[in-house]
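Turn these sequences into a full structure, and let the hints steer you where they fit.
Read top to bottom, the protein sequences are chains A and B. Per my numbering, residue 1 is the first one in the first sequence, and the count goes up by one each step. Per my numbering, residue 1 is the first one in the second sequence, and the count goes up by one each step.
Just so you know, the hints here were simulated from the structure itself, not pulled from any lab data. C-beta atoms are modelled at their ideal positions from N, C-alpha and C, and glycine is treated no differently. Accuracy of the hints is not assured; some may be wrong.
Sample of chain A residues with no beta-carbon within 10 angstroms of chain B, all distances over it, derived [to be verified]:
#, residue
1, Lys-44
2, Gly-89
3, Arg-159
4, Lys-165
5, Ile-225
6, Ser-252
7, Gly-270
8, Arg-280
9, Ser-346
10, Tyr-348
Pairs of lysine-lysine residues, derived as DSS-like cross-links and limited to a Cα-Cα distance of at most 30 angstroms, are as follows [what the hints assert, rightly or not]:
#, chain 1, residue 1, chain 2, residue 2
11, B, Lys-333, A, Lys-165
12, B, Lys-165, B, Lys-44
13, A, Lys-11, A, Lys-165
14, B, Lys-44, B, Lys-11
15, B, Lys-11, B, Lys-165
16, A, Lys-370, A, Lys-165
17, B, Lys-165, A, Lys-333
18, B, Lys-95, A, Lys-44
19, B, Lys-165, A, Lys-165
20, A, Lys-165, A, Lys-95
21, A, Lys-333, B, Lys-291
22, A, Lys-333, B, Lys-11
Now for the letters of each chain:
Protein chains: 2
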Amino acid sequence: LEYDLVNAARKAGITILGPNTMGIANPHINLHCSASTAMPRAGKTAIVAQSGNLGTQLLAFATEQGIGIRGFCGSGNEAMVSIEDFLEGFEVDEKTRVVLLYIESVKNGRRFFEAAQRVSCRKPVVLLKGGRTSAGKRAAASHTGAMLSDDRVFDAMCRQSGVIKVDQPMELLDLAAALASIPLPRGPRVAIMTWGGGWGVVTCDLCQLRGLEVPALDQPIVNRIDTILPPYWSRANPVDLVGDPDLSTPMSILEELVRWDGCDAVINLGMMGRRLFSERFTTAVAAVDPKTTLEILENARRITADFELNFIRRSVDLMQELEKPVVAVSLLKDHSDQTVHRIPGSRYNGLVYETPERAVNTLEKLVAYKRFLRSGF
Amino acid sequence: LEYDLVNAARKAGITILGPNTMGIANPHINLHCSASTAMPRAGKTAIVAQSGNLGTQLLAFATEQGIGIRGFCGSGNEAMVSIEDFLEGFEVDEKTRVVLLYIESVKNGRRFFEAAQRVSCRKPVVLLKGGRTSAGKRAAASHTGAMLSDDRVFDAMCRQSGVIKVDQPMELLDLAAALASIPLPRGPRVAIMTWGGGWGVVTCDLCQLRGLEVPALDQPIVNRIDTILPPYWSRANPVDLVGDPDLSTPMSILEELVRWDGCDAVINLGMMGRRLFSERFTTAVAAVDPKTTLEILENARRITADFELNFIRRSVDLMQELEKPVVAVSLLKDHSDQTVHRIPGSRYNGLVYETPERAVNTLEKLVAYKRFLRSGF
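As structure tokens, this is what we get:
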């Protein structure tokens, strides 16, 4: 029956999406024709998902995180329009800068990977594969009727065609946020600046476990930072700001590290989120100290909010000047804080994750993608 | 100098915490004496962190997630009071049910692991080790002056003493939420129920990749679910509710799966979060349909909010009756939704994560801990 319907539609010049689709969205023309209530802003990230509910949830999370969407499609069981067709569309669509795919099966493997490689050379393709294990394959077979495939072959094809493969749904969005916001790192060397020691240590561990490097500082950069930090600073990477309350210090350290030839990316920990910290701190003080006036509270809030905005602006300017990525991990975050902080008129955006693991995981995959682009395919 | 100070204090009968500490907190007596602005509710989870900023951030996230705290201490550089002392305290403290540790080094390895094993036999110890890699070790040395240790030895000692080791800071909290809220699974077999296919497939994959099993349904359970779901249901694990809008269906399926002898734990996907979905959905409809009255909106909100509360209550009742863990992954979550949903008067709590990866990762570690408890140490 389905086959007859597809043939009839083809003859009549009608394109059928699905079946088993949750619809489409194109925020650029304010079209939100899906079973999702999410209304993401217009942007550069295209999402195609063979699973409707996974796709629409990604759309909801993207909206929450401030990730702009080029278009969304639940491709479903793909009787007529397949993931291979979408890839060929994204290849030529100038508005698409990042492609996210959730797939359970591919009808034409050769066509898929040839298209994926062509797209990957021009813009990143990030992919989550459902049905990678025998349990997952059984579930996929009863979901979209996906055919079995050999995962080792599939993995090898992804590597060869430059596809960025992820293991967990939220990684798709972390990568989309990064790929649409920051330049690619030229190599694996990470400089870290932190407001406190523990997060620095944990971030170092995560970097090395993921194949990134945390190089020692060389003498010239130590000398430059000597002029900024108090004499007891650690003289090591991570650069520990040991809770220094001076708000000009993070700006200067950030600038030194981004300009430092010894690193390919900068992670800053605990710089963003100070607005919230200072809000909560002054509120707590005000509760017990009657001399704390509304004016003092308001001042603290304004100063730290200004700092955050300036810090993000400076990050974006430095990224633009030096083509080196800067990734922030926030101290605290509330529901108004988004992963992507847009600075109007800039090529790049501020990128703020909630945890170091997300920052490190993302950088690792950007380094691998850059290596693919360099390899000349 | 530090040594002299410690000796003088000891003679005078004074206990010194730190140096390099962010303070202490004991919500049970409303004591919040730290540099953190977080005021978590009183509960069962004790946190000791050699890093002050990591510790206080954990405290902030715990507050946000609704995780109750027995006590917090930034133990810092441990001139006098060490992590070994804390462990011995938690061993006998009846209010402590879960212990979270962030450590960079241990002064007396034998004493630490002997205490850790004794505690682990009575209550779980969850540990994040900073300085696991050469980069992390260098950073830890300049942070708390941690001595080098062999990670293979440390890992082996953790396994032997039943310590639950995690890799990333947020896992500490995911485990604390679970260990204080749900019973331990008796084995690795997971039943999954889902509102849509894709999340089910991804969750299956994650289970198998983490060493959990997703067993096929046997005939008796298929027969029972046949009486609940429409005839076209998948007859497989995950049980796909294919978007069935009837709010009694999830309750019945949950009950069948928890009562099913073929599984040791139940993950439900997309049951929680419907309140938010329905709020957004009705708001969207109201924006274009003038016939949607405030009453209809209010009704939808109330019905789905009631459903969520009942679903959590039912989960908690079933856990209490059958001592089998139930873990929810929400469809959508806003800032008012917490990981731990307390049901007054119940031994267990509702446990709701935002993503399947967190649910699966947590269950994997609970299964391993249960295995340790069974092994007779």
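Going down the list of hints, with the structure as the test:
| no. | hint | in the structure |
| --- | --- | --- |
| 1 | Lys-44 | holds (24 angstroms) |
| 2 | Gly-89 | holds (22 angstroms) |
| 3 | Arg-159 | holds (18 angstroms) |
| 4 | Lys-165 | holds (13 angstroms) |
| 5 | Ile-225 | holds (14 angstroms) |
| 6 | Ser-252 | holds (20 angstroms) |
| 7 | Gly-270 | violated (7 angstroms) |
| 8 | Arg-280 | violated (4 angstroms) |
| 9 | Ser-346 | holds (28 angstroms) |
| 10 | Tyr-348 | holds (27 angstroms) |
| 11 | B:Lys-333 x A:Lys-165 | holds (26 angstroms) |
| 12 | B:Lys-165 x B:Lys-44 | holds (19 angstroms) |
| 13 | A:Lys-11 x A:Lys-165 | violated (37 angstroms) |
| 14 | B:Lys-44 x B:Lys-11 | violated (34 angstroms) |
| 15 | B:Lys-11 x B:Lys-165 | violated (37 angstroms) |
| 16 | A:Lys-370 x A:Lys-165 | holds (14 angstroms) |
| 17 | B:Lys-165 x A:Lys-333 | holds (26 angstroms) |
| 18 | B:Lys-95 x A:Lys-44 | violated (51 angstroms) |
| 19 | B:Lys-165 x A:Lys-165 | holds (27 angstroms) |
| 20 | A:Lys-165 x A:Lys-95 | holds (22 angstroms) |
| 21 | A:Lys-333 x B:Lys-291 | violated (39 angstroms) |
| 22 | A:Lys-333 x B:Lys-11 | violated (45 angstroms) |
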